[in-house]
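Protein chains: 2
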Amino acid sequence: MTQLEMQGLAAKHAGRVLSIAGTARKNAALEAIAQAIESRQTEILAANQADMEAARAANMRPALQDRLALDEKRIAGVVDGVRQVAALPDPIGAVTQMASRPNGLVIGRRRVPLGVIGIIYEARPNVTVDAAALCLKSGNAVILRGGKEAFHSNQAFVAIMRDALECAGLPRDCVALVTDTTRQSATELMNLTEYLDVLIPRGGAGLIQSVVQNAKVPVIETGVGVCHVYVHQEADLDMGANIIFNAKTSRPSVCNAAECLLVDRAVAGAFLPKAWALLRTKNVELRGCPETRAILGDFVKPATEADWDTEFGDYILAVKVVSGFEEAVEFINTHGSGHSEAIVTNNYFAAQQFLDQVDAAAVYVNASTRFTDGNEFGLGAEIGISTQKMHARGPMGLEELTSSKFIVYGTGQVR
Amino acid sequence: MTQLEMQGLAAKHAGRVLSIAGTARKNAALEAIAQAIESRQTEILAANQADMEAARAANMRPALQDRLALDEKRIAGVVDGVRQVAALPDPIGAVTQMASRPNGLVIGRRRVPLGVIGIIYEARPNVTVDAAALCLKSGNAVILRGGKEAFHSNQAFVAIMRDALECAGLPRDCVALVTDTTRQSATELMNLTEYLDVLIPRGGAGLIQSVVQNAKVPVIETGVGVCHVYVHQEADLDMGANIIFNAKTSRPSVCNAAECLLVDRAVAGAFLPKAWALLRTKNVELRGCPETRAILGDFVKPATEADWDTEFGDYILAVKVVSGFEEAVEFINTHGSGHSEAIVTNNYFAAQQFLDQVDAAAVYVNASTRFTDGNEFGLGAEIGISTQKMHARGPMGLEELTSSKFIVYGTGQVR
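Going down the list, the protein sequences come from chains A and B. Numbering (my numbering) for the first sequence: 21 to 435. Numbering (my numbering) for the second sequence: 21 to 435.
Only chain A is shown next, with the shape it has when bound in the complex:
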């Protein structure tokens, strides 16, 4: 058995205990984790220091260094997150659709944990604790495989969480860290079909594609967002300008940020200058179709075909003038990644048809795409945003980390 197979087997056994542990014990374990992280902060900061020194020596990009760095305030945020998860309702054990059948069998569907969840992510040590807390609360054991740049920080967090689990009377192996951070260990994790029930990649498009392409374990695909804001000819144009400004610039690096603006020809001449008046305050680079350039001027770069399919993740916006509703919907269904799509309109039928016809995890009328998020949607917390249609779609909260089983009460029935 490889190291990882042994971790998988241990996680499977730990997961069985955790699956029937009950809400009180799981919450006690989460509180023990929160307290242990608080009291062993020095250990975490020292481990993070080691990661940061290596990062500086390797000339890591400043934005990535920032995501890697921990300080007292960020650790307090992590602890807070754990307590928020503890406060959420426990999804496990709810029985739905229970009914008697004509033969007297009483059949219900009970919500149960998935079992063992693998998480593959990049160099963000806070994900280590966030993801573990969500898995624990939903009764799942978790095997974490973080980026090698955060290895010392992750190791410190995981050691603390395992100690806290033990104190709370749960198996240490409910949380495990893959200690081999080579590419090979990621590949091995993707093939651990005997022990892993699902694998969730959290990170950039490259990581996610690699997991989706190579995994034999079921994968929940998360996060790539090529999102559009479509300003319909009957839109409130000021509202439209506000919405595209917010969707593009409030946090351009995240997946629910807009990458492309579509506007009906009938209002393009009036709308585009309004939108630009806002976007220019953040130095947004526009890449437009010929009509957009004709209206706004040559400072707009010509959009290439590839621009229509790109998640820029930056202060860059593709802009296209369309003939009307049908072209807009067809364009979105062709070029969108099925994440979040918005129409701005005062027309009742255009609004309803947009909700019907656009195929995406979240479809908006008159609001910014930036709201696609577990907290904003009222799920309490999220482990990621699924852009696939199977199992979970959109922000995934605790319920999306569960499966179900049919329970059947009989009195001797045979068929």
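Derived from the structure by calculation, the hints contain no laboratory data. Glycine included, every Cβ here is placed at the ideal spot set by N, Cα and C. Some hints could be false.
[Unchecked claim] Below, simulated DMTMM-like cross-link-like pairs (lysine to aspartate or glutamate); rule was C-alpha separation at most 25 Å, straight line: (1) B:K32 x A:E325; (2) B:K32 x A:E346; (3) A:K32 x B:D376; (4) A:K32 x B:E347; (5) A:K236 x B:E25; (6) B:K32 x A:D376; (7) A:K32 x B:E350; (8) A:K302 x A:E350; (9) B:K32 x B:D200; (10) B:K32 x A:E331; (11) A:K32 x B:E346; (12) B:K32 x A:D329; (13) B:K236 x B:D256; (14) A:K236 x B:E214; (15) B:K236 x A:E331; (16) A:K32 x B:E396; (17) B:K236 x A:D376; (18) B:K32 x A:E350; (19) A:K32 x B:E325; (20) B:K236 x A:E208; (21) B:K236 x A:E214; (22) B:K32 x A:E347; (23) A:K236 x B:D329; (24) A:K32 x B:D329; (25) B:K236 x A:E142.
[Stated by the list, open to error] Negatives, chain A to chain B, calculated, CB over 12 Å: (26) M26; (27) A75; (28) T199; (29) T207; (30) A286; (31) G289; (32) V304; (33) C309; (34) R313; (35) F319.
[Stated by the list, open to error] One-sided excerpt, in silico: chain A residues whose CB lies under 8 Å from chain B: (36) K236; (37) A380; (38) A382; (39) F397; (40) R435.
Dock chain B against chain A, hints included.
Then chain B, alone, in the frame of chain A:
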């Protein structure tokens, strides 16, 4: 573009139309299909005749020939199935969990079709129509890839269904048949990630494993059943004997049939002769542990290690005496396939703990495992029985062929 890619693209476009077609039009299309199959029966029977002649020439096993054969009665059954699907409630469009957020956004989750479903199955022409009807009712386009032995029958059914769709005002390409029945076309279908939203294999363990191992498209794993009946020391032994007799012999070839009997040591001496008195009437071959052989005699074959993990699909039963509840649950969780598991007991705590601790799609107290079935569970119809934990688990009805999208009504909100 390959032939299959063209079919995929056509199915994707057809699926968009179908996804918003509404219940009345979908039901009208199903009724048109039912009528067309009735009125063009001669065509189907002639096509089936061609398949049957080839099957006889190739010396196909009689049981397989029987599954391939169609006659007027079987066609009437197929037509009946289509009308039953038409009569089921439409799962599409239901909005759940709709609520206002503090910022005034109104957010709901709407049930939508998956999109395009691929079905890979063996030489059973009735599956062609069953599967298509379930996909159509749930708003999904479907690409069917049946076994080559049923090719002419499948082609006849699909031609008739496409004509009927057109008459009902829906795109013909809502239903498509893969006309290349080589292994290569199956592989290509498993990799059609751009057009297929999910692939469902229906058939034997070999087919299913091949799809699970090789597909890049998300797969719903169906059907392998290594199911147990566990007779607890506080069981009604007559009930236990009835249940294992039914679970083993009422239809041994199906996945919810029992393959293994576990019995507590305390009652093995009293129970096993009772069970054998029934099982012998069907000439069931027993493969037992040493204790079983000591109780029943040497006619019981010694069970090999492999027997504990085998879906016999035949009048063969593995039998093991266990020390008690814990060993039984551990054995089931180790050797079961997560399909259907039953305990026979009068003890309240044993019953509840079995439901809690056994990890399977359907867990029974005092009833035969043979009830795991969409009709028996009240789902109305089923496309298969999922043994995976993601998306769908257990019998899959129309709801399991759907996804969801968040719909968001705003009044200009930005974040």
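Quick rundown of the hints versus the structure:
no. : hint            : result
1   : B:K32 x A:E325  : 22 Å, holds
2   : B:K32 x A:E346  : 17 Å, holds
3   : A:K32 x B:D376  : 16 Å, holds
4   : A:K32 x B:E347  : 17 Å, holds
5   : A:K236 x B:E25  : 23 Å, holds
6   : B:K32 x A:D376  : 16 Å, holds
7   : A:K32 x B:E350  : 13 Å, holds
8   : A:K302 x A:E350 : 30 Å, violated
9   : B:K32 x B:D200  : 20 Å, holds
10  : B:K32 x A:E331  : 24 Å, holds
11  : A:K32 x B:E346  : 17 Å, holds
12  : B:K32 x A:D329  : 19 Å, holds
13  : B:K236 x B:D256 : 48 Å, violated
14  : A:K236 x B:E214 : 18 Å, holds
15  : B:K236 x A:E331 : 23 Å, holds
16  : A:K32 x B:E396  : 32 Å, violated
17  : B:K236 x A:D376 : 28 Å, violated
18  : B:K32 x A:E350  : 12 Å, holds
19  : A:K32 x B:E325  : 22 Å, holds
20  : B:K236 x A:E208 : 17 Å, holds
21  : B:K236 x A:E214 : 18 Å, holds
22  : B:K32 x A:E347  : 17 Å, holds
23  : A:K236 x B:D329 : 22 Å, holds
24  : A:K32 x B:D329  : 19 Å, holds
25  : B:K236 x A:E142 : 23 Å, holds
26  : M26             : 17 Å, holds
27  : A75             : 31 Å, holds
28  : T199            : 27 Å, holds
29  : T207            : 16 Å, holds
30  : A286            : 21 Å, holds
31  : G289            : 22 Å, holds
32  : V304            : 15 Å, holds
33  : C309            : 24 Å, holds
34  : R313            : 27 Å, holds
35  : F319            : 25 Å, holds
36  : K236            : 7 Å, holds
37  : A380            : 6 Å, holds
38  : A382            : 4 Å, holds
39  : F397            : 6 Å, holds
40  : R435            : 4 Å, holds
When each numbered hint is compared with the structure, violations occur for hints 8, 13, 16 and 17.
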